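My request is simple: use the sequences and hints to build the entire structure.
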Amino acid sequence: MNASSLSIALPSVRAAQSLDSCRIYVLDPARDLGMPGCDFEDPKIWPFNRDDSKLEASGALLHNQYQHAVQHWIAKAVEDSPYAARSLEEAQLVFVNLHCYATWHVGKWWEQKVGPSSAETSASPANESASEEAGASGSGAEEAGASGAASDNSDEAEGVEPEAPPPPPPPASGPLPSHEQRGHPDELTMRAMGLIREMEFYKASNGTRLAVAPFWPGYPAAMMRQLRPCDREPYVLTSEHAMFCPGRASSALLNRGQLIPHVASKHLELDRPYPGRDIFLFYRGSCSPMGEIRLNRSSGKMMRSYFMAGLPEPLPADVDAGCSCGMCETALAHDEAMARMRRSVFCPVMAGDTQSSRRLAEVVLAGCIPVFVGPPYHTLSMPLDVDYASIGIFVDVAHRPWIIQDKKGQRKSKSNSPRMMYIWALDAALAPGTMQRIGKIDELHGFLRNLPASVLRAKQAALEREKYKLYYDAPPGKDRSVLGEIVVRHMCEYAQTLEPRAAV
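Under our numbering, the first residue of the sequence shown is numbered 2, with each subsequent residue one higher.
These are calculated hints, taken from the structure and not from any lab test. Source: prediction; values computed, not measured. Mixed in with the good hints, there may be bad ones.
The list that follows gives simulated cross-link-like pairs (lysine-lysine, PhoX-like), each with its CA atoms no further than 20 Å apart [what the hints assert, rightly or not]:
no., residue 1, residue 2
1, Lys479, Lys267
2, Lys77, Lys204
3, Lys77, Lys479
4, Lys204, Lys267
Structure follows, in structure tokens:
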């Protein structure tokens with residue numbers, strides 16, 4: 002059987018597996034644990050629903066439009082599906098929805114990083130690293146993820162035994178804080194996870210019946226260890242391999258978790274036809290200064306700098322590329338960036354301080370052909386479901402001056418060393434001949450210019466077929482999310498591998 006016939010046969014195999022008995026319960030801490038809830042109209046909880054908000058350079062942003070608001074959309078997908086459990090007692094799998102506290106965390110984080118007048122203050126170049134943590138440039142919550150969650154899996158590449166996870170938090174006892182005293186949402190997150198650890202379904206199943214989505218890479222490593230308790234075996238839905246439990250970076254390929262996309266939600270214009278594609282190549286993203294490679298600069302952002310330096314000078318009239326701080330005054334507004342992507346043929350998708358970003362989903366939804374350059378490679382969300390070989394261009398660069406080779410320095414850097422390339426690797430298996438190889442990154446522009454028009458037409462047609470697999474909301478004219486149905490199906494496939502449901 003050849004590759005094309007195999008890809009046709011796979012859906013029928015999946016369809017043969019009945020999921021009728023699957024039941025997933027969405028555990029809401031406010032409803033099920035007596036915890037405080039969130040009023041997203043309260044600017045102390047979500048201060049970004051205003052026209053002058055600088056978060057993500059998107060203007061007014063609803064809580065469920067934020068690029069890391071995946072828990073809201075997973076919960077909605079489960080509750081909209083025929084597999085939603087009416088009670089904890091009938092559930093095979095329990096998804097804990099911490100969207101309230103995760104979203105509130107962003108408001109608190111912004112206040113601490115940017116300043117007390119958080120929602121009203123523009124970021125300056127001095128705040129660029131903070132801007133990227135907030136994900137404004139499309140690079141995700143970068144710096145904190147590289148120093149936090151990403152470090153958890155780095156030992157796996159060299160076969161080093163990962164450090165043992167810390168002991169569970171103290172028993173969740175005592176009165177909950179009052180509305181005035183409840184303080185930082187992270188405290189409530191920790192309390193919720195402590196209460197869940199005491200629940201019978203969790204203890205009886207060794208955590209295998211718990212599904213969590215610790216998506217925001219800005220959480221410190223210590224908190225990540227509580228959000229996905231690796232002393233047990235939870236099902237993890239997250240943004241990149243480094244955020245799975247230590248030693249389990251392949252979870253998404255082994256039906257033990259999922260690599261899900263960032264939320265792309267604004268300025269998409271999905272119900273409008275594409276304009277003519279008069280821009281040959283479009284790129285905007287934060288870069289690191291070139292020159293001496295420093296340990297605190299990620300290989301991804303250094304590679305972006307080399308990419309920019311390798312473009313022809315002066316730039317051709319149909320190339321629109323530049324390095325930018327997403328929240329700086331000179332930044333390209335998000336609506337304009339999306340409009341230019343919709344007019345573009347090629348859009349490079351490169352890792353930054355972390356491996357994943359919102360840019361992947363936005364590029365695909367804009368119908369722009371993604372160009373994956375590496376190593377390191379950008380995360381490929383939903384690698385078992387999206388036909389990346391059909392929609393994208395994959396380019397391996399032989400000369401990689403952006404990767405630290407000094408063996409003494411490698412151990413000090415959590416986002417730039419050859420050992421990190423084992424984690425920041427391609428997520429999808431590609432057929433022979435799919436990966437194109439060039440000597441230096443300055444050859445990329447010429448390589449793309451020489452691709453035949455038939456290749457471009459085929460990839461643009463494939464993008465139209467595949468794009469909604471990276472979109473959390475329902476497509477125009479539809480009732481349910483294509484992505485949501487895929488995510489829930491995978492959760493059910495996992496749930497049915499477990500022993501008969503334990504007592505709750």
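For each hint, the structure was consulted:
About 18 Å separates the Cα atoms of Lys479 and Lys267, which keeps this hinted pair within 20 Å; it holds. A hinted pair counts as satisfied when its Cα atoms are at most 20 Å apart, and Lys77 with Lys204 does not qualify at roughly 26 Å. Pair hint Lys77 plus Lys479 holds up; C-alpha atoms about 15 Å apart against a cutoff of 20 Å. Our distance criterion of 20 Å between C-alpha atoms is broken by Lys204 and Lys267, whose separation comes to about 41 Å.
Consistency with the previously given hints fails for numbers 2, 4, ordered from lowest to highest.
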